[in-house]
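**Q** Single-letter residue listing:
Protein chains: 2
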Amino acid sequence: MSVLVVGSTALDSIKTPKAENPRLLGGSASHAAVAASFFAPVKLIGIVGDDFPKRYVNLYRRHGIDLEGLQIVPGSTFHWAGEYEVNMNNRRTLKTELGVFETFSPKLPSAHQDVPFVLLANIAPGLQSHVLDQMRRPKFVIADTMDLWLNIALPDLLKLLPRVDAFVLNDSEARQLTKEDNIVASLKKLHRLGPKYVIVKKGEHGSLVSSPRGMFIAPAFPLGKVVDPTGAGDSFVGGLIGYLASSKGPIEANLRRAVVHGSAVASFCCEGFGLTRTTRVKRQDIDARVRQIESLVRF
Amino acid sequence: MSVLVVGSTALDSIKTPKAENPRLLGGSASHAAVAASFFAPVKLIGIVGDDFPKRYVNLYRRHGIDLEGLQIVPGSTFHWAGEYEVNMNNRRTLKTELGVFETFSPKLPSAHQDVPFVLLANIAPGLQSHVLDQMRRPKFVIADTMDLWLNIALPDLLKLLPRVDAFVLNDSEARQLTKEDNIVASLKKLHRLGPKYVIVKKGEHGSLVSSPRGMFIAPAFPLGKVVDPTGAGDSFVGGLIGYLASSKGPIEANLRRAVVHGSAVASFCCEGFGLTRTTRVKRQDIDARVRQIESLVRF
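Protein chains in written order, with our numbering: chain Y, 1 to 299; chain U, 1001 to 1299.
Everything labelled a hint here was simulated from the structure, so no lab data went into it.
One or more hints might be untrue.
Stated by the list, open to error - Listed next, with one range per pair, are the computed distances between beta-carbon atoms:
#1 U:E1252 - Y:R277: 31 to 37 Å
#2 U:E1068 - Y:N87: 44 to 50 Å
#3 Y:T93 - U:T1096: 41 to 47 Å
#4 Y:L158 - U:K1248: 52 to 58 Å
#5 Y:L67 - U:R1091: 52 to 58 Å
Idealized CB from N, CA, C, for every residue including glycine.
Looking at chain Y on its own, in the form it has when it is part of the complex:
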C-alpha cells in the first residue's frame, strides 16, 4: 500500500568537525520519503523554491516518489545550516532561512486523499493537522515532532495527538512534554494524550515502542563512525511506515519488525552526509542490517 509523506523539503548546509557540505538535499520529508521508498510507493507533499536543484528532483524520481504534491513556487527553498560538535550528538543551528516554506499550506491532490498510510513528518503541528483534514479515512497515521513545537506550538500539537495512531518523539522531548523523568511514567502520560502507539527515539541507545500489547525495545545499529546524523530520526520513521505499508496483517503484528527496519535505514543515513549514503543503499542491504540487529539482541 502507498505512503503519504508530508514534512519539510529543504537544502541543508552541514558542518562537522571533519567536513563541510553545502546545500545537500534535506528536510524531514526528504529523508522520510526516501527511507519509505525502499518498501512502498511514496507520495510526497512539500514545497520548494524555483532554485531547487533539478538533480534533487531526479533523486526523488529515482526512488519512485510521486511528486504531484510537491509545490515548486517562485522564491528560495528552505535552507538550514548547522554545525555538529566533536561527539556528533550536540548540534547548533547556524542559519534558518525559511524562504517559500514560510507560506507552505499543504494541498492534497485528489488521488492523495485516499492513501492508507500517512506520515506527518516533522513540521508545525498545525500543518500536520491541516493535512489530516484533507485525508478521507487513512488506515494508519504517524506523527513525528521536535522540541521546537513543544516550545512554540504546544496547543496545536495537543489538538493533533488524539487524531493520530502513533506519535514519535525523542526521549528528552517525552520528558519535556510529560514533565516525567521516568520513561515508563512518561509513556503512560503520552498515551493519555491520544495515540495508541508511542515511539520514543533514543539516538545511539535505540528506540522504544509502547503499545496496548506492551513494550518493545530496539537497539540502534552500533556504528563505528557517525559521519552525519542529520535526518536519522526522519529516516527511522520513514523506514518504519514504509515497512508497515508493505506488510500484510495487523499493524500490531508488524510494528516490531517495522521499527527495526526503520533503525536499519537510520543507521545508513548516519554513514554519509545528508542523503548521500541512504540513496546508495539497496533493499537487500537494509535486510542484511536487520539480520545483524537480530543477531545483536538474540540470547
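Given chain Y's structure and the hints, the job is docking chain U onto it.
**A** Chain U only, in chain Y's frame:
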C-alpha cells in the same frame, strides 16, 4: 561452581527526593555477593569494623555467603553517604568515611584460592590485583571499576586489565579511558588493553557486551519507579558471574543469558533502598523477569 567476590563492604546512608535511609548494608561486594548468591555458592572477601550490625552478618548468611574471608576488625565500618537528584541519575557524595577500609589488605583463606569464578568488584585496582596474585588458576575473572580509579589509580588499572577475562565499566568511563566518543571505537581500544570481553553498563539504556564472537546489546528492564539505583551496577555484575558459574558449557555460549540475568537482578536492586528489595527476591522472580526482558526485545 563457586564465585569469589572481593570489593567494598560498607554502610550506606542514602537520601533521595522521596526518603532518607541511614546505614543500610552497602558496598560493591555486598551487592555483588547477594546478586551472585541466587545462582551459585559465594565466598566474600571484605573488611568491616566491630560496629558492623549483626543483622547484616545474618543477611549474608541467609544468602549462603561464605564469610571466612570477611575480616571483622576493631574500628568503624566504611560509611558512605550520598544524595540523589530528582531524576535519580545524578548523585552527589555527602560523606565518605573509610574507617577500617583504609587498611584493607585482602587475604585469601587457602580454600578460596582455587575458586574458579572471581569477581573483582569495584575497589582500588591495586587491591584487585593483590587478590589475583593469591589465586591459583581461576577459570574466569571479571573486574569492575569506577571513574575514581581512572582518575587516581590509572597505572594500577592498566596493569590489572591484561590479567582479567572480562572488564566491566560504564559508558562514560569507557569514553574517558579511551578518549573515544564513539562506543564501537572505544570498545576496540578497550580490548587492546587486555580483556577478551568488555561489558559496558549504560544504566537505563541497558548494556553492551563486546566479545570475539561479536557484540550483544541488552536492554535494562524498564522500571516505572526507581527507588534507589545504588548498587545496581554491582548487582548486575554479581548476577552475571553467578549465572556463568552455574552454567555448563563454554563462557561464550552463556554470556548473553548471564548479562540478561544480571540486568534482571539489577532491576530488582533499583526497586528498593540498598539491598532491601533484592533480599526479598526469589530465583523464580529473576527468571520471570528474564522472560519479560526476552519478550521486550523479540521481533
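**Q** Evaluate each hint against the coordinates.
**A** Each hint, compared with the structure:
For E1252 of chain U paired with R277 of chain Y, a C-beta distance near 33 Å keeps the hint of 31 to 37 Å intact. At roughly 48 Å, the beta-carbon separation of E1068 of chain U and N87 of chain Y lies within the given 44 to 50 Å, and the hint holds. In this structure the supplied range 41 to 47 Å holds for T93 of chain Y paired with T1096 of chain U, their Cβ-Cβ distance being about 43 Å. Separation of L158 of chain Y from K1248 of chain U is about 56 Å and conforms to the stated range, judged on CB atoms against 52 to 58 Å.
Separation of L67 of chain Y from R1091 of chain U is about 54 Å and conforms to the stated range, judged on CB atoms against 52 to 58 Å.
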